[in-house]
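Asker: Chain by chain, the residues run as shown.
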Amino acid sequence: MEYLSTDKILVIDLNAAQVEEEELDESLVQEKIGGIGITKYLYDKYKEDDPIVIGTGLLTGTTYPASASAQITAKSPVTGKVCHCPVIYKLGVEIKYSGFDYIVVKGRSESPVYLWIHDGVADISDAADVWGKDVWESTDALRKFVGDDLLQTMMIGPAGEKGSDYAQVCYNHWTSPDRFGFGKLFGSKNLKGFAFRGMGLIEIAEPEDYVEHSLEILKAVKENSFLEKKGIAHILTALGEEGVEEWIESVTHRHSADYFTPYATNTALFLDEDPGLLEESKKDEPGVLVSDIYALLGFKKMGFSAVDAGRALKACAKYGIDPFAVADLCGKITLEEIKNSFDTISGAVAIPGRGLFTPWCPTGPIFNDFGLSGEDEIMAWWERRQAVSMIFGIQPIFSLMCPELTEESMLELASQGTGLELTRETLDAVIDKIFG
Amino acid sequence: MGIKINALKCTNCMACEMVCSYHRDDGFAFLSACIVAYRAKEKKDYFGMLLKEEDVLIVARPEGLEINKIGEEADPDKEADASAKPMLLREGCDLCEDMDDYGPMCVAFCPVDAITLD
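Chain order of the listed sequences is A and B. Per my numbering, residue 1 is the first one in the first sequence, and the count goes up by one each step. Per my numbering, residue 1 is the first one in the second sequence, and the count goes up by one each step.
If we strip away everything but chain B, and leave its shape as in the complex, we get:
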């Protein structure tokens, strides 16, 4: 079981980021989320999601998924994105295992069902 992201359905609202962080912090914040709305290319209207799992960083781009193993050398032809860097310091997705009534919070709270359980 895992998180499945459809970046084309995503409207970049950041609900996933908020509720993921709530699951970690028991308060409202964005600091600890292991899923974030990727929104650094605002003028280009280019957005999607980043999800950190235990060993991999999933970049859900509109054109498709990119799965990067954490610790492997990055592709030198690809520009690193500043918004991806703090993700590597955060805990990986645990599918909100302690949130018995909800399951993964990002799935429960995504208003457009862009995040589902696989």
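This is chain A alone, in the form it adopts within the complex:
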């Protein structure tokens, strides 16, 4: 696959401690497009080995607005279904530029390992020095070892190592959209996680048309008045939750966006530092970055102050446990009780619809109504929108905000970028296959 691609699929066999590369055939892109269209295909191909499949979207890391996302596809050890978890922040883009469009991890390692993927090279590395460490310590240790603070990680913490049903795969230092217990799956394979870094080059079949069309779409996107807002509190307000903006204001530092995403979907809370500080904090860990709006809301509804909610989220991020599950299921009332409850939580987090996509993402439109009405219509739209976002690599929350990111424009850019003719009929068939 010459364009919009690294042309490589990485297949890692943890049983045999072997790494192989396969070419990404153009015919597979023509048939499955990309993202979860192909991760699902690879999952089915290797399903006897209980694989974890990581994949980028066809447009990930390009000039298409919000082309930020990659995906993890695997069987949830909690629900038993093959699920798809978005990879957000800057991590999805780093995966593609590290040299591989897709990564399949098969089997189980005899001893703890992590996978170091960089500039088209993949190493199975001994994780003895980070096994037992929390997510923050592990990410810091790997960045120090490699000597690069821009190393992007996908790590489990103690929750995953102990086999908790609520164990999350965390991204860098932060919680993730994982509500599927993928952290438990990583732990069961003795897989501490991944480290990614790369400075690759992605070629485009029709570069001038692709970039010109991207800019036209961006200009249309920027007409939306909701882009005057930033951060998680405004999303919750738009979803009808009252009082969040006032509650969180006193600890809000700044808002940041995933790669090329026009709305900043992440908010940093300063817990041990003046939130109004503009200079670099002299403290090593002044706060926490929050992308999980429902976990934050859950702690608010438990009566927590915004500071304590932030501390709970930070503790979850370090332990590598789903903060929404903690807020929803732990039944504890103080911060200390919550921190001590991580290993004893029980119960199930509801996964909406067909159970394929994460309820980390709101299950309906945000800021715009997309002309939808009725629960069934909204759920059908949401599942298709999630599937489309994860086929092309679009930030899945922003895609719920922005009608200008149409399926037609994604298909058109994908066709211009690859030189293939990708049609709505193909997209419909890919989605049907994902929905099973």
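None of these hints come from the bench; they were simulated from the model.
Taking lysine-lysine pairs in the DSS-like style, the calculated list, with each CA pair at most 30 Å apart, reads:
{"no.": "1", "chain 1": "B", "residue 1": "K41", "chain 2": "A", "residue 2": "K339"}
{"no.": "2", "chain 1": "A", "residue 1": "K301", "chain 2": "A", "residue 2": "K339"}
{"no.": "3", "chain 1": "B", "residue 1": "K41", "chain 2": "B", "residue 2": "K9"}
{"no.": "4", "chain 1": "A", "residue 1": "K282", "chain 2": "B", "residue 2": "K4"}
{"no.": "5", "chain 1": "A", "residue 1": "K189", "chain 2": "A", "residue 2": "K75"}
{"no.": "6", "chain 1": "A", "residue 1": "K162", "chain 2": "A", "residue 2": "K189"}
{"no.": "7", "chain 1": "B", "residue 1": "K41", "chain 2": "A", "residue 2": "K282"}
{"no.": "8", "chain 1": "A", "residue 1": "K282", "chain 2": "B", "residue 2": "K9"}
Quick caveat, the model's predicted, so the values are computed rather than measured.
With chain A's structure known, arrange chain B on it following the hints.
Answerer: The following block gives chain B in isolation, referenced to the frame of chain A:
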């Protein structure tokens, strides 16, 4: 005419870095950009932008701009940042002089208008 950066409006999305590199490489990459999102202090939520012009390196910090003449001795009291080092090897900003339809790409593609033309 030059690039003006408002680091407080920046959301650290890296669009500027991507399109600047596209202007150099005719492909999607981050390798050649003369403007980069400064994001090495992730746990401190401290970010802004670095812009290399022909003779100066502009560090757009949230608290204000810092303009360093390239070749001058660095302030010994300030810790050097690893992410600044590769910038010195890259070509300086040419305001995308060959991109007639766009002007500077980082200005055209910044989704939050944190980068403008001065």
